[in-house]
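Given chain V, work out where chain A should sit, using these hints.
Number of protein chains: 2
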Amino acid sequence: MVGKKDTKGLTAEKDELSQWYTQILQKAELIEYTDISGAYILRPRSYFIWEKVKEYFDDKIKKDGVRNASFPLLIPKSNLMKEKQHIEGFTPEVAWVTKSGNTKLTEPLAIRPTSETIMYPAYSKWIRSYRDLPLRLNQWCNVVRWEFKNPIPFLRSREFLWQEGHSVFETKQEAEKEVKTIQDFYEDVYKEMYAIPVIKGRKTEKEKFAGADFTLTVEAFLPSGKAIQGATSHMLGQNFAKAFDISFLDKNEKKQLPWQTSWGITTRTIGVAIMMHSDDKGLVLSPKIAETQIIIIPIIPKKSEESKIMKKVNEIKDKLEKENLRVDIDDSNNSPGFKFNEWEMKGVPLRIELGPRDIKDNQVMTARRDNKDKQAVKIKDLNKTIPEILEKIHQSLYTKAKKFLKDNTIEVKNMKELKQAIQEKKIVKTSWSGNQDDEEAIKDETGGAKILCITDDNPKGKCVYSNKKAQHTVFIAKSY
Amino acid sequence: MVGKKDTKGLTAEKDELSQWYTQILQKAELIEYTDISGAYILRPRSYFIWEKVKEYFDDKIKKDGVRNASFPLLIPKSNLMKEKQHIEGFTPEVAWVTKSGNTKLTEPLAIRPTSETIMYPAYSKWIRSYRDLPLRLNQWCNVVRWEFKNPIPFLRSREFLWQEGHSVFETKQEAEKEVKTIQDFYEDVYKEMYAIPVIKGRKTEKEKFAGADFTLTVEAFLPSGKAIQGATSHMLGQNFAKAFDISFLDKNEKKQLPWQTSWGITTRTIGVAIMMHSDDKGLVLSPKIAETQIIIIPIIPKKSEESKIMKKVNEIKDKLEKENLRVDIDDSNNSPGFKFNEWEMKGVPLRIELGPRDIKDNQVMTARRDNKDKQAVKIKDLNKTIPEILEKIHQSLYTKAKKFLKDNTIEVKNMKELKQAIQEKKIVKTSWSGNQDDEEAIKDETGGAKILCITDDNPKGKCVYSNKKAQHTVFIAKSY
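In the order they appear, the protein sequences are chains V and A. Letter 225 of the first sequence, counting from 1, is numbered 224 in numbering that gives the first Met the number 0, and no numbers are missing. Letter 143 of the second sequence, counting from 1, is numbered 142 in numbering that gives the first Met the number 0, and no numbers are missing.
Incorrect hints may appear among the rest.
Copies of the same chain look alike in the list, so a pair counts if it works inside one copy or between any two.
Pairs of lysine-lysine residues, derived as DSS-like cross-links and limited to a Cα-Cα distance of at most 30 Å, are as follows [to be verified]:
#1 424 to 310
#2 81 to 241
#3 412 to 371
#4 321 to 51
It should be emphasised that the hints constitute simulated quantities derived from the structure, not laboratory data.
Same shape as in the complex, but just chain V:
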C-alpha cells in the first residue's frame, strides 16, 4: 500500500522556521506548488483536514439554525463599489475578469474576495417583513485576494477556502449575540479539532473588517513567537443595510433597518495547526483531523513468518476499522526504521508494531507520535484502548499548547519591558489608551509587533506607550 519514495527526512530544524515549514508541507504531502505564486494545491492529506473541520463546524451552525446556500463567484464592479470602507479595504487585492473567450466584457467582474456585495442585493429582495428575519445563510467556497505580500502556504495564499456566514436580524442585540456565539464556535474548532487554545478578543478600529462596526477575533500564538489571526466574526451594524437598501416592516408596519453580521474561518487554520504542533521529525496532528490515524507496521524478521504476521495485521486493521478508526498498513519492502521515520514525518498520530513475539504474547506495541510514549496493548483490548490513546493524544497536544501560551504570555507596564518581551518572542498583555497614534507607535518601536486584540475595556492603570489613562487591555505580539 505504500511505496518507497522520497527517502529523506527533514533537514531543517524547527527554529529555521520557514525552511522547516516548507519541508513539512512537501514531505508530508500537504501542499504542492503551482506556476502561480500564492496558489497552492491542497493534497489529500491536507484537504482531509479541511473536510473534518467543515463537518464539525457545519453541524454546529446548522443545529444553531443557519442554512447553507451558494452565491456566484463573480461580482459586477458596480456592486463591489457600493460600501465605501469595504471598497477601500478590498479593491487593491481584487482579481478582475475582463474578457470571455476573445470578447471584452462590458463591465469588469471581480472574483469574490468576500461575498457581502453579491449576497446583499439578494437580501434586499428577500427581506420585506420582520417575518423574514432572522435570515442566516452560510456558504463554503473559495475566495481570491491577490495580496502582494510574500505568500506562505495556508497562512497567506492568493486563493483560499473558507465558510462565510451572513446573518440579518431585527435588533442590534441579536446581531451582537450572534457575533459572540460564532466567536465561541471558532474557539471550539481550534480546541476540538486542532487542539489549539486561542485568545478571544475584539480587533482595534484600525484592524477591524472594512465596513464593520467591530470585529471579534480568535488569535493563536505559535512556537515561532508570532501570533496569527485565527478567525473573525464581524458586527456589520447597519452599514451594509444602508448601502444595499435592506429594510423590513416591523410588527407595527414601520420600516426599519436591520442589523447584520458576517463571519469566516479559512484553510489558514490548517497552517496554524501544522506550525503549532509539528517538530523536527515532521508533522504532528491531532487524531481528530488526521486522514490516517493509525499506521500498522508488520515486523517480519524471517520470510517464513510473513504470512502469519500479515494475517494478524489485517485482522487488527479490520478490528480497528469497525471502531470507525482510519487505519493503514505499511507492507512495503522498506525497513521498519525507514517506515517509522516516514510515518512520523507524515504525522500519523499512532503507530502499531506487530512482530512474532507480539503474536505469541497476544499484543501489539503502540508508539505515540506526539510524545514517543510506547505502550503494549493486548489484542483483545484494542477496540477499547486505541480510541482512548487517540483521545489522550488530542488532550495532551492541547494541554501542551496551553502551557506554551501561558508560559509565553508576559504582562508588562512600560515600553522597555514591552520591547524586551517582543524581542524574546513573547506575547504581551498590557494596557492601551485606545488612541490610534499610540497603536502605530507601539508597532514602530517594537519593530512590527501589533495589537492583536482587545480583551477588556475597563482596565486599571496607564497606557503602556503614552502613559495616558488606559481604555483597553490588549494582547500584543509580532504576527503573520
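Then chain A, alone, in the frame of chain V:
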C-alpha cells in the same frame, strides 16, 4: 416559523415549459437571479439538494478508494494551451483574469472551465513509478464556462458546481473499467437520489469530451420531450499523459505512459430533477433530497383548542425528528388551504394535518405531494409508517419516470418515422452508420434532434439515414 409572503401559486402550466420552470424556481425559492446573466444564486432549498447528492456520491467514491483534494481556481494561459483538442473545445468559453487591483498580469489566467490543465502538471511531478499508481483524486468545486447560448438556471449556467474526478492507471483495462464504474455510480445518483431512470451509452466522436478517446454518458429524457446529458465519464487514453509529460517506470524499470480518466456530475442534475417530477402545482421532489420532508399543518377551528393542538403537533415533530426525518410546522396565521398550496408549491413530499378530531382518534392525516394520496396514520405508528411512506414516494416517482421513458421510446427504421417521432416529442432508438455526415444530416432533417448516445456496437440492419450498414444502435432526441 413560516411567514405569509408571495401568495400567488403558479400561473403557468407545465406545457408552457420555460415559464413554468422559471416560476417554480422562484416560487419554490430554489434560485435567485443576479445582475450577471447566467450566474444564479442557489438558495438553501436547492443547495440542500446538492449537499445530499454530494454526501451520497462522495461516500461512494471514497469507499472505492478515491481521495479528495483541492486544486487552484486559476490556470495560466500556457497550461490551458497544452492539449490541442482540449483548447479548441474550451477556449471560446473561458473567462480571463487579466488584472489584479490596478496591475495588469504578465500572463492572463483562465478561471477553470475544467481542471485537467492545472492538475496534470502536478500529476507529472507526483508520478514516478508504478508504485504511485493508481492515482485517483477528486475535487468538489465551482467552474466557469462563459457560454453564449441562452442560459437556463441549473441546466446551462455560466458558473456551476460539480465534482471532477481525475485518475491515472498503469493499464488501459483499469482505466476503461473505471469509466464504466463511474458511469454506474452516476446512474445510481439519478436513481437513488433523484428518482430518475437514465439511458447509459457512449457519446459519438462529435459529441465526446475535447481531448478524450471516448466519453461515457448517462442521459435523461424529460416530460418536455427533450433529453439532457446527465453526467459524463471520459476515457482520456494517453493524450494528456503525452501533453503533460506524465510517465512512470514499470516493474521492469521501463518508462511507460499511463492511462487516464476524468469524470464529472454537476448542479445541472437539480434542474433535471425539477423538470422531471414537478407539476402544475409546483415542485415535486424525492424525499431523499428535500430539505423539508414533512410539513405539519395544525388545523385549529377554535382559538380555545390551539394550545392542545400545538402541543400535540410539537410532540409529533419531536417523534419524527428522532427518526432523523426533516420536519417543519407551519404555525403561521394563514388558512389551511393557503398552507396546503404553499407547501405543495415548495415540493415538500409529505403533509401531515392534525385537528381536534384527529387528536380524539389518536391519528393524523397524511397527504402525499406526488400523487395526492391521503392516509390516516395512528400517532403510535408514525415512527414506522412515515419513513415507509417516504420510501414509497421515492419509489413511485421512479416508477412513474421509468414508465414515461418506456412509453415515449420509439424504435424507428427510416427517416420518415424518425421525423414524425421527433415531432411528437419522443425519444428514438434506431441504427446509425457511424458516419459523421449522416449524424449531421439527421440533426438537420429533424430540426435539431441529435444522437444522444450509442448503446450497442453490433446492431443488425441499416443506418436510419443513409441505409448503409449500421455500426451502432443509438438514441436520438431533441435536447437541452
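Here's how the hints hold up against the structure:
1. 424 to 310: neither (52 Å within a copy, 60 Å between copies)
2. 81 to 241: Answer is within: at 10 Å inside a copy they meet the 30 Å cutoff, but 48 Å across does not.
3. 412 to 371: Answer is neither; intra-copy 41 Å and inter-copy 75 Å both fail.
4. 321 to 51: Answer is both; intra-copy 19 Å and inter-copy 25 Å each pass.
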